[in-house]
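A.B. asks: Start from the sequences, fold in the hints, and give me the full structure.
Residue-level listing of the chains:
Protein chains: 2
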Amino acid sequence: MQQPPPATPGMPEDEVDTPALLIDLDAFEHNLDTMAAAVQAGGIKLRAHAKTHKSPVIAHLQMARGAVGQCVQKVSEAEILAWGGVPDILVSNQIVGAAKLARFAALSRIARMAICVDHPAQVAALEQAASAAGQRLTVLVEIDVGMGRCGVPAGPEAVALCQRIAASPHLRFGGLQAYNGRAQHLRSHAERRAAISMAAETTARCIDDLRRHGLACAIVGGGGTGTYPFEIASGVYTELQAGSYCFMDADYSRNLDADGTATSPFRQALFVLATVMSRPGPGIAVVDAGHKAYAVDSGLPLVWQRPDIQVSGASDEHGKLVFGSETSPPALGEKLRLVPGHCDPTVDRYDWYVGIRKGRVECLWPVAARGAAT
Amino acid sequence: MQQPPPATPGMPEDEVDTPALLIDLDAFEHNLDTMAAAVQAGGIKLRAHAKTHKSPVIAHLQMARGAVGQCVQKVSEAEILAWGGVPDILVSNQIVGAAKLARFAALSRIARMAICVDHPAQVAALEQAASAAGQRLTVLVEIDVGMGRCGVPAGPEAVALCQRIAASPHLRFGGLQAYNGRAQHLRSHAERRAAISMAAETTARCIDDLRRHGLACAIVGGGGTGTYPFEIASGVYTELQAGSYCFMDADYSRNLDADGTATSPFRQALFVLATVMSRPGPGIAVVDAGHKAYAVDSGLPLVWQRPDIQVSGASDEHGKLVFGSETSPPALGEKLRLVPGHCDPTVDRYDWYVGIRKGRVECLWPVAARGAAT
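Here the protein sequences come in this chain order: A and B. Sequence positions in the first sequence follow our numbering and run 1 to 374. Sequence positions in the second sequence follow our numbering and run 375 to 748.
No lab work stands behind these hints: they were computed from the structure. None of the values given here were measured: they were computed from a predicted structure. Check before you lean on any hint, since a few could be wrong.
Some chain B residues close to chain A (C-beta under 7 Å, calculated; not the full set) [unchecked claim]:
(1) 376
(2) 458
(3) 493
(4) 666
(5) 671
(6) 722
(7) 745
Each pair of labels, with its calculated beta carbon distance range [what the hints assert, rightly or not]:
(8) B:708 <-> A:310: 39 to 45 Å
(9) A:308 <-> B:382: 50 to 56 Å
(10) A:10 <-> B:738: 36 to 42 Å
(11) A:136 <-> B:382: 26 to 32 Å
(12) A:167 <-> B:738: 40 to 46 Å
(13) A:9 <-> B:415: 53 to 59 Å
(14) A:121 <-> B:434: 41 to 47 Å
(15) A:41 <-> B:738: 50 to 56 Å
For every residue, glycine included, the Cβ atom is placed at its ideal position computed from N, Cα and C.
C.D. replies: The structure is reproduced here in structure tokens:
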């Protein structure tokens, strides 16, 4: 069952039921504007990643600022976006299984769709799905540019796979997917620059190889919130796929710039609002938000603008806060904003965004593709 | 939006769409029967914890085998159970906030409800909610028996809190909540026995103190899947609150028995079914299930009955498998069962259970209280 919204428009933030997923709308809009300006100045397109926000509302806000469309990782996410009016969607991932591919092909009737492969068997399955649906589907090849996850090596294997797509009667070769996710959270500027320099060189060589074989890459996609200035500067990519920039999280806040400071152009816009539910002793408070309320795969949450309070541990429904004797202790019933360690899987735990501006609830947006994992 | 079910009854397991949350029904029923026999033999009641399963269907299966009711951690979970016909529910947790307490009081019209406190302010708020609803509410005091999370210390503070409840016109003193969650995953039998021995002694002293003050504890609740034999043996507890026993997980499978082996009486009954979506190179496969498909707070999943394959890492939508050259590599499209590291927060990511028996889908059950976090 979908949970009811934890707030109503107009309500003060302090009355929002907890745990709740808050968007600071001023910070969020600043982030959308900042990325839109960066891609415009860089002469590159933005195809923002909806795996972060899972929301047609946010997709449309990104496209209103110039984004050409959206990326997703799953067919079920693509369905939610296409049904919500998003006209241009890239599944930046491999999809295996006839039922899923039939669903993907069906979406091509209402949106401009593309998908990635890294194996000849996936090309054959897509050709079959396209033929059965009477569609021509656009297919990109994912190359491994240093992530060590999916993707074929750039070189003859990649060229052969692209040729196989181009030779399939119901498929259209769409370009290259060249994302290095591992580089996004390398802490130093120099490490991230070096990783994307290698990724861009690998990708450029592959584009040249394909050109020599008569194949043009309409899309060369990659880049994320941690590295996008390097993908822009490379001149190799045509589309950025950043997702987290709209919200940010504690993990991204630890990335360092060239001068060794953490001064991201993006502001923290996503919070888990929690209530102090127990004050069992001095220096300890417990909030009503634990593993089911935020992802801990990239570390525990931070308490927003309270560096004197640390989240020392979490259990399923509890977060334990500790603080020193010099701290004014949070009161029973007090509400605190937590900054999630990792925004994407945190968002996926909620049915509703609560949009806040000037201390009041301005809007409720469904996390429409929450749980869309197939 | 709730996601559609990934299967239909009668379908072979291999056709279930992935990622999917599977219940091996034979193992699950074995677990329900095993715990029912243990509490019957021990002369203690079972109030199984629905924070694990979030399902009125499973609650009723537990009660059909003798469980007296259910525990929950949240009012929204209590609502889903009460609306689904569960007649006896203990919120084994502190609830703070007038709106939540009004919802709790409203449920008392259709189910026998109880709730925990660890602070006088919570008693005052409950008295107010009970009075406003024209109800008499049952309230337990949570004492800290070694967990170091919520709860008052056993002793004068606990007695004073119990007396305050008993003196409140719209409240009824219901007993003690005395759960040591930290003890559940102590790996050695001796450590778990020692931890619960201390918890039981502390609880027994508190019961005696209260008796001297004329207060009887109708419920003395605690115990979990990792320690329940010790709570039974103590003679102090009236109700066990185990939850995970119905499903089990990789973390519980690492607990050791008295002879130093991991020989739980419970069988692994919960799985995340995943599909191999990429075979990027020798010794590596990638499945379509990552952080959004299983909790990693207690470690990465295991591959069921494939000790030769390890989950070496996860990202949001991907799980990376590694194996040696002697392993017959999983094929692209092959489906594998993963054993989640931690069952409770894994279940909370899904809308549907897919019940499997003899290789086929027997039933679909909604994870009705998925996301019920308020």
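A.B. asks: Now, for every hint given, state plainly whether the structure supports it.
C.D. replies: Results for each hint:
1. 376: Holds, about 6 Å.
2. 458: Violated: closest Cβ of chain A sits about 10 Å from residue 458 of chain B, beyond 7 Å.
3. 493: At about 6 Å, which falls below the 7 Å cut-off, the nearest Cβ of chain A leaves the hint on residue 493 of chain B intact, so it holds.
4. 666: holds, 5 Å
5. 671: Status holds, d = 5 Å.
6. 722: This interface hint holds because 5 Å falls under the 7 Å limit.
7. 745: Holds. Min distance 5 Å.
8. B:708 <-> A:310: 39 to 45 Å: holds, 44 Å
9. A:308 <-> B:382: 50 to 56 Å: holds, 54 Å
10. A:10 <-> B:738: 36 to 42 Å: holds, 39 Å
11. A:136 <-> B:382: 26 to 32 Å: At roughly 31 Å between Cβ atoms, residue 382 of chain B and residue 136 of chain A fall inside 26 to 32 Å, so the hint holds.
12. A:167 <-> B:738: 40 to 46 Å: At roughly 42 Å between Cβ atoms, residue 738 of chain B and residue 167 of chain A fall inside 40 to 46 Å, so the hint holds.
13. A:9 <-> B:415: 53 to 59 Å: holds, 56 Å
14. A:121 <-> B:434: 41 to 47 Å: holds, 44 Å
15. A:41 <-> B:738: 50 to 56 Å: holds, 51 Å
Taken one by one, the earlier hints fail for this structure only at number 2.
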